[in-house]
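Protein chains in written order, with my numbering: chain A, 8 to 261; chain B, -17 to 331; chain C, 60 to 309.
Hints were generated in silico from the structure; no laboratory data involved.
Mixed in with the good hints, there may be bad ones.
Cross-link-like lysine to any residue pairs, in silico, SDA-like; alpha carbons within 20 Å at most [as the list claims (entries may be wrong)]:
id : chain 1 : residue 1 : chain 2 : residue 2
1  : C       : Lys239    : C       : Ala229
2  : A       : Lys62     : B       : Gly5
3  : A       : Lys125    : B       : Leu70
4  : A       : Lys125    : B       : Tyr257
The structure presented is a predicted model; accordingly, all values stated were derived computationally and were not measured.
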Amino acid sequence: MNQRIYHIILPLITGALFLAAWHIAVKCSGSDIFPTPLEVLRGLGELARQGLLLKYIVASLFRVSWGFGLAVLIGVPLGLVLGWFRPAFAALNPFIQILRPISPIAWIPVAILWFGVKDTAPVFLIFLASVFPITVSAMAAVQNMQQVYLRAAQNFGLSGFPLFRRVIFPAALPQVITGIRIALGVAWLVVVAAEMIAVNSGLGYLIIDARNAGKRYDLVVAGMVMIGLIGLILDWLVRSLEKFDEVRWGYGQR
Amino acid sequence: MKLIRTLVTVLTVWLLAITLLHGGLNLRWFDRAAAGVGQGKTFGVGFLPVTCHLTCPVTHYINQNMEKTDLFQPMRFSAFPELKEMFLGRPTEMPATFILAPMAIALREQGVKIKIVHLGHRDGSAVVVHKDSGIFQTQDLRGKTVAIPGRYANQRLILFRELKKVGMTFDDIKVVEMPPPDMPAALQSRSVDAITSGEPFMGQTELDGYGRVLWQVKDVWPGFISCVLAVQEDAIRDHRDEIQRLVNGIAASGKWIDQSMTHRMDAAQFVAKNYYNQNPRLLEFVLSKPPDRVTYSRLAPMRADFEEIERLGKEAGVLKGTAHYEDYVDESFAPDPATVQPPVFEVKK
Amino acid sequence: METIITVRDCWMSFGSTHVLERVNLDVAQGEFVCVVGPSGCGKSTLLNIVGGFLRETKGTVAVEGAPVTGPDPGRIFVFQENGVFPWLTVEQNIGFGLLSRPAAERDERVKHYTAMVGLTGFERSYPRELSGGMRQRVEIARALAADARVLYMDEPFGALDFLTRLKMRADLIRIWQAEKKTIVFVTHDIEEAVQLADRVLVMTKRPATIAEEVRVDLPRPRDLDSPGYLAARDRIFSIMGMDAHGGGAV
């Protein structure tokens, strides 16, 4: 019962207080441009009726899924290799550290020049945003691995790929998954920036399009709300990975 | 490992599902009617949801309804930087675009092989201030913040010219660059004192009741050109016929828009709904109040207009003055405005 | 009995820190040898050299007739900080060294050694669900299942509570007697050494060498109050320069 109070009722109370404060703030300021929560809800309803809400959610999830999926596919092996082979680390780490702090927004012109305005450009931007956190966390996971596991494995005569597959990878996995979780947050975060490119669907596009549409800030906020809610679900999904027996040991007591 | 197996399975199924959903809902993969239209053959023409680019969607719409095919693919952008990057970076996908006239000239100065082949509109810009502000004439702008669409916007040049008339320069005001869609909110919150860009964003402030027109460009610079149709030289060489059809279409649909108020209101409806995704009331307002707020009839490029832009651009420090009319304009496509006939087309109600 | 571990004139330094000096050591086949010494004296370093995880600076180290060049699956190290893989179940851990063997034999051996260390019923448990003592049993079983001829144990019971430690010692002796393995066991606990070993090697402070060896010829299980036990214990205390009754921290 206590658990339920903490994890369901308390956030609901905070949410309700926030919505009330938002409503009152808009009313008091007398702004007729910034929408109240109710107007945002109506905006969402309008989008849902037009079938646009589903279309846009699907479009954004499509781009994030591919950009992020490719980032995992490339970032995890790359990070593990960099963490393990010192020459690879020495050769590539400075390069990665230089690319890492560049905001995906700065890549927008490059993305358009290379990929045009089809889905590939936002996928590329989301890939860029998420591949570095994934690589770096996988790299650190191998480097910070407990030496005792490595020694025990070597003692049993493991080396090369079997050592990698049976010990280094599973030992690094909990931290890799934490990195993936952070990166998914980042990937979803940049969906708005990625869809600033002239694609014609998606939640980020919804926000930018609503700015073109004159006084439709209810739709801007509706896009923000949807991005937030889906982000919550995505985080919850990745978090559930941490409950698997193979990695649960890596997260201490919860 | 169970975790990895689960993850790979779930991710594969998810990627497949979301791709099919996206393909079905947004890319119309499974829509047989859409399969024939807009696939492969046609080229893209860039535009922004502003009245300066109105002939782009109108030409597309009329052509689609009369010929049942796509002459070209209109590609909508939200701001000029992205539009310009697409135009420069992917010239085969988007060989033509509506673009700010001084920007096209500046690109030519920088060695980009493009030509202006036609205009898209005349007039249709204004300087708007907050209705409660004390700005009633150009002199009152002294010390105020004015938002312009970009360095290479012609609105910047006309502002420069008008300031000069009253003995002021850009040093006497504060200029900020801002995407036109953000301008109304900026004015309403009074984070800027005046805004200037193409319609309908100026009209929007009037319609919503907080903007007041300081001056319409048509009153201070009749026949003002904000945007032009620019084409890659490669496309001019290799696809002359398509470009000619595009120019003819734009010239004709410009005439069509100006033919009657009914046409203007019809255009406002179908463009707002199908292309701009704006409230139709907004386009109706700027296309009718007053009716000559923006015009679409005399769209053949004329030397005098561009030489004025060149002169002002150079004086304002925006252009270097190294490219001239014959470098950046190709007059050979533009039909004589006097002979252009509007298409016989009425929107079915 | 045949000597299987030979260390001759072994020196070890890390940079300018000299850890081992002139260490000589012989261990016979099937012998249980304990190495004791003050904390940080270098007894773990010595074990790591013999185990192949560190390279001596000078001297010769040979095991089973060949110089040591690295760790060997026939000689398994049991770590103080517990080297059980937390991502594998108890039975997967115990079977870790057996993957090249036929499945039937593997299952057979895993079952046998799980029972020997008293973990039957916990085969599907993960290490995080076990107590510290049980985890050490898993590690010992893993080494035995892999058919290691020599066990190197580096303070394996150091992190356990007193009663568990006593129980683990008794179990280790039982397993050693059943399996006839050679065991080199490093500890700082003199009582533990006397309870377990055939022979106790006492090391000096750093730079360490072997000060003396004490043979413990007492029958097992050992009576902790017998005169022989107490004599051996007090002998080691005095070698280490401490009074047996006021000893305090070692």
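Given hint Ala229(C) paired with Lys239(C) - CA-CA distance at most 20 Å: holds (15 Å)
Pairwise hint evaluation, Gly5(B) against Lys62(A), where the allowed Cα distance is 20 Å at most: holds (10 Å)
Pairwise hint evaluation, Tyr257(B) against Lys125(A), where the allowed Cα distance is 20 Å at most: holds (18 Å)
Hinted pair Lys125(A) and Leu70(B), Cα distance within 20 Å: holds (16 Å)
Every hint from the earlier list agrees with this structure, and none is contradicted.
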